[in-house]
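Visitor: Here the sequence shown is numbered in full-length UniProt numbering, starting from 1 and rising by one per residue.
Treat each hint with caution, since some may be false.
[Claimed, not checked] Below, simulated DSS-like cross-link-like pairs (lysine-lysine); rule was C-alpha separation at most 27 Å, straight line:
hint, residue 1, residue 2
1, Lys39, Lys67
2, Lys98, Lys43
3, Lys46, Lys67
4, Lys43, Lys67
5, Lys98, Lys39
6, Lys46, Lys98
7, Lys98, Lys67
Honestly, the hints are just simulated from the structure, not real lab data.
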Amino acid sequence: MNNYDYNDSMSSGLFAAMGIGTTLVSLALSILAIAGLWKMFEKAGKPGWAAIIPVYNLIVILEIVGKPIWWIFFFLIPCVNFVVIIWVLNLLMKSFGKDSIYTVLAFFFSFIIFPMIGFGSDRYLGPSAAEARGGNSFDQFKNYKNPFDDPNAPRDPTA
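Please build the complete structure, drawing on both the sequences and the hints.
Guide: Printed below as a string of structure tokens:
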């Protein structure tokens, strides 16, 4: 029978070093993600410091993507929150003109994607670009007979 002694100083020191190393790496990655989110907020015209306030940052993200603030309650419902997080993250990526692949990347690697968008040349295009503003809904001012017609062009009232 093998007798293992887990109370020796060598294993204690090793586990302490691993714990400290993991904590430092997690802290560094979190700071990267928060810094990128800070810059993304500023690009969207919101206060950057909102990225460090735990619940308020979700409210600001909902404002950026064009969703009502009461959606914050979806984040409190188990299983629903997982779907809503991915959905809102997708809308956030679309608000900066990114494809759906960026949603997947931001879900797993926010510490890379958020700074890339925040410190990069990407611009805020509005609430989820056209999707959040009802891009597929009926617009009474749009000319559906001629979709390439300029809606801002002066109209002939006799026509």
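Visitor: Sort out which numbered hints this structure fails and list those numbers smallest first.
Guide: none
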